[in-house]
Amino acid sequence: MARESDHIVAETAARIFADLADPQTVNRAKDGTWRTPLWRALAEAGLALAWVPESLGGAGASMADGFEIVRTAGRYAVPVPLAETLAAGWLLTQAGIEAPAGAMSVAPASPEDRIGVGPDGTLNGRARRVPFAQEAGHFAVLAEGAQPLIALVHAGQCRLDEGRNLAGEPADAVSFDQVKPLKSAPAPARVDTTALMLMGSVIRAMQTAGALETVLSLSVAYANERVAFERPIGKFQAVQQNLARLAGETAAALAVAASAADTIAEAQAFDEAVRLESASAKIRCAEAATEGAAIAHQVFGAIGFTREHVLHRFTLRMLAWRDDFGNESWWAAELGRHIARRGADDFWPLVASR
Amino acid sequence: MMLRFDPIRLPPECETLRREVRAFLAEEIAAGTFDPHRPGHGDSHNREFSRRVGARGWIGMTWPKRYGGHERSHLERYVVTEEFRVANAPVRLHFVADRQSGPILLKYAPEHIKLDILPRICRGELCFVIGMSEPGSGSDLFAAKTKATKVDGGWRINGTKTWTSNAHIADYMLGLFRTSPPTKENRRHGLTQFLVDMKSPGITVNPIIQMTGQHDFNEVVFEDVFVPDDHVLGEVDGAWKQATSELAYERSGPERFLETFYVLVELIRALGTDPDRRSAEGLGRLVAQLHTLRRMSVSVAGMLQAGKEPVVEGSIVKDLGTLWEQKLPHRVREIAAFLAPEAANRTSLEEQLAFAITVAPKLTIQGGTTEILRGIIARGLGLR
Ligand SMILES: Cc1cc2nc3c(=O)[nH]c(=O)nc-3n(C[C@H](O)[C@H](O)[C@H](O)COP(=O)(O)OP(=O)(O)OC[C@H]3O[C@@H](n4cnc5c(N)ncnc54)[C@H](O)[C@@H]3O)c2cc1C
Numbered sequence: 004m005a006r007e008s009d010h011i012v013a014e015t016a017a018r019i020f021a022d023l024a025d026p027q028t029v030n031r032a033k034d035g036t037w038r039t040p041l042w043r044a045l046a047e048a049g050l051a052l053a054w055v056p057e058s059l060g061g062a063g064a065s066m067a068d069g070f071e072i073v074r075t076a077g078r079y080a081v082p083v084p085l086a087e088t089l090a091a092g093w094l095l096t097q098a099g100i101e102a103p104a105g106a107m108s109v110a111p112a113s114p115e116d117r118i119g120v121g122p123d124g125t126l127n128g129r130a131r132r133v134p135f136a137q138e139a140g141h142f143a144v145l146a147e148g149a150q151p152l153i154a155l156v157h158a159g160q161c162r163l164d165e166g167r168n169l170a171g172e173p174a175d176a177v178s179f180d181q182v183k184p185l186k187s188a189p190a191p192a193r194v195d196t197t198a199l200m201l202m203g204s205v206i207r208a209m210q211t212a213g214a215l216e217t218v219l220s221l222s223v224a225y226a227n228e229r230v231a232f233e234r235p236i237g238k239f240q241a242v243q244q245n246l247a248r249l250a251g252e253t254a255a256a257l258a259v260a261a262s263a264a265d266t267i268a269e270a271q272a273f274d275e276a277v278r279l280e281s282a283s284a285k286i287r288c289a290e291a292a293t294e295g296a297a298i299a300h301q302v303f304g305a306i307g308f309t310r311e312h313v314l315h316r317f318t319l320r321m322l323a324w325r326d327d328f329g330n331e332s333w334w335a336a337e338l339g340r341h342i343a344r345r346g347a348d349d350f351w352p353l354v355a356s357r
Numbered sequence: 014m015m016l017r018f019d020p021i022r023l024p025p026e027c028e029t030l031r032r033e034v035r036a037f038l039a040e041e042i043a044a045g046t047f048d049p050h051r052p053g054h055g056d057s058h059n060r061e062f063s064r065r066v067g068a069r070g071w072i073g074m075t076w077p078k079r080y081g082g083h084e085r086s087h088l089e090r091y092v093v094t095e096e097f098r099v100a101n102a103p104v105r106l107h108f109v110a111d112r113q114s115g116p117i118l119l120k121y122a123p124e125h126i127k128l129d130i131l132p133r134i135c136r137g138e139l140c141f142v143i144g145m146s147e148p149g150s151g152s153d154l155f156a157a158k159t160k161a162t163k164v165d166g167g168w169r170i171n172g173t174k175t176w177t178s179n180a181h182i183a184d185y186m187l188g189l190f191r192t193s194p195p196t197k198e199n200r201r202h203g204l205t206q207f208l209v210d211m212k213s214p215g216i217t218v219n220p221i222i223q224m225t226g227q228h229d230f231n232e233v234v235f236e237d238v239f240v241p242d243d244h245v246l247g248e249v250d251g252a253w254k255q256a257t258s259e260l261a262y263e264r265s266g267p268e269r270f271l272e273t274f275y276v277l278v279e280l281i282r283a284l285g286t287d288p289d290r291r292s293a294e295g296l297g298r299l300v301a302q303l304h305t306l307r308r309m310s311v312s313v314a315g316m317l318q319a320g321k322e323p324v325v326e327g328s329i330v331k332d333l334g335t336l337w338e339q340k341l342p343h344r345v346r347e348i349a350a351f352l353a354p355e356a357a358n359r360t361s362l363e364e365q366l367a368f369a370i371t372v373a374p375k376l377t378i379q380g381g382t383t384e385i386l387r388g389i390i391a392r393g394l395g396l397r
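Taken in sequence, the protein lines are chains A and B. Just add 3 to wherever you are in the first sequence, counting from 1, and you've got our numbering. Just add 13 to wherever you are in the second sequence, counting from 1, and you've got our numbering.
FYI, nobody ran anything at the bench for these hints, they're computed from the structure. Incorrect hints may have been included.
What the hints assert, rightly or not - One side of the interface only, derived from the structure: several residues of chain B facing chain A at Cβ under 7 Å:
1. Met224
2. Ile281
3. Thr286
4. His304
5. Thr305
6. Ser312
7. Leu333
As the list claims (entries may be wrong) - Below, a list of computed lysine to aspartate or glutamate pairs in the DMTMM-like style, where the Cα atoms sit at most 25 Å apart:
8. A/Lys183 / A/Glu101
9. B/Lys340 / A/Asp349
10. B/Lys375 / B/Glu363
11. B/Lys321 / A/Asp123
12. B/Lys254 / B/Glu384
13. A/Lys186 / A/Asp123
14. B/Lys163 / B/Asp237
15. B/Lys340 / A/Asp348
16. B/Lys127 / B/Asp210
17. A/Lys33 / A/Glu172
18. B/Lys197 / B/Asp153
19. B/Lys340 / A/Glu290
20. B/Lys78 / B/Asp153
21. B/Lys120 / B/Asp210
22. B/Lys340 / A/Glu294
23. B/Lys158 / B/Asp250
24. B/Lys254 / B/Asp242
25. B/Lys127 / B/Glu61
26. A/Lys238 / B/Asp153
27. A/Lys238 / B/Glu384
28. A/Lys183 / A/Glu147
29. B/Lys158 / B/Glu236
30. A/Lys238 / B/Glu198
31. B/Lys78 / B/Glu61
Each residue gets a CB set at the ideal place from its N, CA and C atoms; glycine is no exception.
All chains should be built: construct the whole structure from the sequences, respecting the hints.
So this is what it looks like as structure tokens:
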């Protein structure tokens, strides 16, 4: 449920993004000088460590507040590892590990990757597509073994193979070769790799919903302003129908992402409800990103295909987010298998329980 | 505009109610009233069944007690609607009255008519139909020509309505008739909403058989049908002002995406507990899409309960929901393509698919076409 505080935290975030990370300004910037003041403002406002309690060095915001920050970041296509640092802070908190200052990311970031913990407590393995790894000072790692661990690792201890996602943001392979964590603690039973993937998926779903909100309003504004055949293109029924579809995709993404975020916020564990809601959010938001990006680019014509135009900052990011923490096909297969195991007669009761 | 879909959860009283509804339906199924696995077979309406539903207090649930209603929430009504829909229960007789006609009467009918008719709807005794479409007027409601002429003490109706679902079993129609020509300034002017007793002399109901082979809708011919003055609903010539929040109820309910739901359940049965990856992926996507639609629909129900008028959100639910339920049997067919021929329920899956695929085209036409809904959404976005 939306609470009053959601608005305050989200508004603070929106104000900072509008002032210091305006997508238009960032898109035109020749260098990255906007980065430092933005990150400083986010840190000072406690947004980056929103999910970390004060006792562990964070701001102690609610889960709901944190998800609102993430959605707002999506609305501004914020090009710094804010969502990743939030996720890392959340993971460390699960094991009571104090969060360091500065940017972080999480590993693994793909459901098929595993980081192992050896008998000597060192970490081994490779995590692919770790978002913003090359900009992170630390990684929060979920490691599996006889005793699963949550660990804080200094980024300098790992080998990075740098990569980029569709939007040109870092997505790096991180190799752990007998890495000794700065700190580690047993992972509670409810937090396993799947739980981390579910959490990451809902974060990406909320970002996608936010990005779609902006894509919709940009597209509607453009359709009312761009003239062809002596009328605004928004007066053509074909364009109106496309924008109505875009509104539908945006609505679907908003609804399913908010529902999943609410479920995680209220849940005691990563139970069946969280699985259904979060997997659905990842799947449906990825589908909405695919459809929504295509419609928006169609509405904008050639101008939207330029580097100079801001549209790609949103569309390419939401298309890239589809691939993080398990893509929609992977989650659909998981969800489908789960539903099949429960059987036909238990299907409706599960859907209706949400 | 800002789209809003808050994560509304059904309150605990809804779950108690859900158990009661499921128990009731299980009893009805056991007694042979209907077969939940054979939609399209047997009658989709059943007078005795509707009476029993009324006796349980599940018709007119949100209406004032004074009119036989039960003053329960829209979220409780939501639960009843979805459970009945998923079970393929024969609700045809009372469903339109419960969803649409009752709320309109509550708002616009004179008190003595409300006291007479609404309690009978709540008891499951009355079938209402919607008399809007005509041969020359479908999406464009304001082209309606069927005429109501003022006479002493009432109105005399002449003309033809068409596609009128359930007219052959109906007790009353809420009809839209022309009482004045449109004006230059307002082409929507001149239509009035009436309550019509279907037993009135001069009404002929001619069946129209659908491509499924079923008889659901009809042509209704009016020849000098007399309707008394107190059966006018709302403003004469001003019907266009009257369609507001009811529309959101009509558009966003669970029946707008669950109409072909049974094929999905049957697919899960056919796939068994260990489907191959391709099938599992196909199934998982459908589950995610369904869950999303339901969460959107519940969210709109919550907004309605809170007294808001989510016109655009409601239209979005119907647009996405009807397209989804229309495509569903085709997706299920594709996923089931490589099933072993000996899969236990293969025959019933094929039979259900055949029915759902045949029914599918109507889903994006009835109650406002996809294109019309998108026009409403576009207006809400500020494009028109
Ligand atoms: C199963 C079923 C039950 C029904 N039951 C009832 C009932 O009980 N009572 C009742 O009154 N009616 C009923 N209808 C009728 C229904 O409301 C109409 O069919 C519907 O409003 C469309 O009207 P039409 O069929 O005349 O199509 P038309 O309005 O002729 O439309 C044909 C096509 O043109 C498109 N089109 C029309 N106008 C526009 C526009 N402005 N912009 C873009 N595209 C446009 C439509 O979207 C559609 O694709 C029922 C219909 C069905 C299929």
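TODO: Output the numbers, in ascending order, of every earlier hint that fails for this structure.
DONE: Hints 1, 11 and 20 contradicted; others consistent.
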